[in-house]
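J.: As they're listed, the protein sequences go chains A and B. The first sequence: position 273 = 273 (UniProt numbering), numbered continuously. The second sequence: position 75 = 75 (UniProt numbering), numbered continuously.
No lab work stands behind these hints: they were computed from the structure. For glycine and all other residues, C-beta sits at the position ideal for the given N, C-alpha and C. Please note: incorrect hints may appear among the correct ones.
To spell it out: a stretch of chain B is covered by chain A in this simulated footprint if at least three of its residues, at any positions, have a beta carbon under 8 Å from a beta carbon of chain A; those stretches are [claimed, not checked]:
no., segment
1, 21-33
2, 186-200
With the C-beta cut set under 8 Å, the calculated list includes, among others, these residues of chain B facing chain A [said to hold, decoys possible]:
no., residue
3, M96
4, N98
5, L146
6, A150
7, K170
8, T175
9, C176
In the BS3-like style, the derived pairs of lysine-lysine whose C-alpha atoms are separated by at most 30 Å in a straight line are [to be verified]:
no., chain 1, residue 1, chain 2, residue 2
10, A, K265, B, K142
11, A, K274, A, K29
12, A, K274, B, K130
13, A, K122, A, K265
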Amino acid sequence: MQIVKLPKQNLDKFIKSLSKFGQIYAPIKKDANTSLFSKIEDSSQIDLGYNRTLLPPKKYFLPPIDTMFKFSAEAGYEEMEHDLNEKSILLGVHSCDIHGLRILDLVFSGRYVDNYYFTGRKNTSIIGVSCIPDDMCFCRSMGTDFVENGFDLFLSDIDQSYLVRIATSLGDDMVRASQSLFKEVGKEEIEEHKKKSNEMQKHFKIDLELYNLPEILDLEYESKTWEEIGEKCLSCGSCSMVCPTCYCYDVFDELSLDGKTGERKRRWDSCLFKDYALVAGGTNFRSERSARVKNRYFHKHRGFVAQYGKPSCVGCGRCIQSCPAKINIVEVITKIRSDAYV
Amino acid sequence: MSKPKIGIFGMTGCAGEQIVILNCEDELMDILKVLDIRSFHTAMSKNDEKCNLDIAFVEGALVQPEEEISLKEIRKRSRLLIALGTCAVWGGVAAMKNEVSRQRLKDIVYGSPGRIFKSIPAQPLHSFVKVDFSISGCPIEKEQFLQAVASLVHGDIPVLPKYAVCTECKINENTCLLLEKSELCLGPITVAGCNARCANCGIPCSGCRGPVEEANIASEVEILKEKGFTLGDINNQLRTFAGPAEAIQTHLAKR
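With the rest of the complex left out, here is chain A:
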């Protein structure tokens, strides 16, 4: 992988040059507490030093609510029109979120490929950026504090410059299109990068021990901890909405008043919702809140591991930040683990 240097004073010029590769989406500051990915009209809005965005980039490929197709009694099904040539660039994606997208790719490219997801995904290039963890980040534990693929370019902040990893031919085109903005990487920058990497490690405040976790979860299936969390949980769905790997959705139809036409839509769903596991006949196989909370953890750290060989949690800390009841995944797993070994 080729690595070049982009002095920070050239960043804005580089970003402007990217517009010919597609519409840029990047983090902006909404207010003092909140950052979010947004369509960029003016590059000065971009804030690459952000902490974490409220919603992960999944919102662009699996929108919170999306029309899948239209139908009518006369014309039958009518697919939604997508401009397959419309290119986008997602700029400033943290390592954990790139891993999150890779997990969604895995899920939606299974036996039945989800073209609703991939239409936008395939036309979007990813430019990653390094970050400084806060007290809710546990990406290091999840092995998602660095990325090896899933991006076209990755910018690592080394104070005066970015080290730019070029991972794809598209990324190479982007750099070549503004070749004069880039410099060769010298010994000094390598030293600076090492220093920065070491510094980053010092910022981690929490760790989640993954060793043998699926087995421990199986052993602790009946643990009282689940009921304790069930008492606190509000089933508000915040954790699922902000999760970069929660991909459940609910499908429903919206009819016109005359009933002759309608739209089939899907919207984000959550296994914490009471009606998530409600089936025909009124039976609900996870009617207890504690069972639903447990299911969320089991899916991330037990079921997904069995199916795909790794957990579907990337340690981004969003669920910790957004839970009104202060349910903290690291504390929960730590508690379950200690229950198993005490």
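Mind docking chain B on chain A? Use the hints.
T.: Leaving out everything else, chain B in the frame of chain A:
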């Protein structure tokens, strides 16, 4: 297929749901194409008071004994009865002081002229009759009403979100007023459907749509107490729109 015969009725409330229906200006003609409106006192002069109805939409809470009689009449006439708005579904603001005797409230509010009418503690429709479906909101959301009509006309049970306002608020990427600004927000226990209307404008959720199914009031109260709100403030907010709701009554009875 003949058009379903419907009636739109109001008990005690602000008539907000009826106004929302009348405000469906772009859709009113389409509504008339699919519904045969037989009774709608707020909007029509010739109302059929006797005919059988397929659907009765009823807004408002019950605060007078006579209303019980007229509600039961409506129930008898109609195949389906749908509660419209938070007053009809949960009791609404009229029920916020139900723990104070009606006599006392009448004395405070009306003084001696209060003697000429009877008043009962405000109750939602389901305390008196079977309610087939509920659309809450203060007022109801126009889109929910139209979707419900579209479903009903085609013989389906309307599907409205059962999750909390937090879900919509997160989707809109609002800064969390409860966690980041420590405001008294009932978003986690209030049923969605408003697209987090207030939080979108930086105003905390006051719970006007009523509680979600299986609302975890105890946990919400703990969170708010930790944020420094007194139990009195919290209880007042809980009672404001949905005092008679079982989850809220259970919480209030504990203290």
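J.: Just pull the numbers of the violated hints for me, sorted ascending.
T.: Numbers 3, 4, 11 - these are the hints that the structure violates, sorted from lowest upward.
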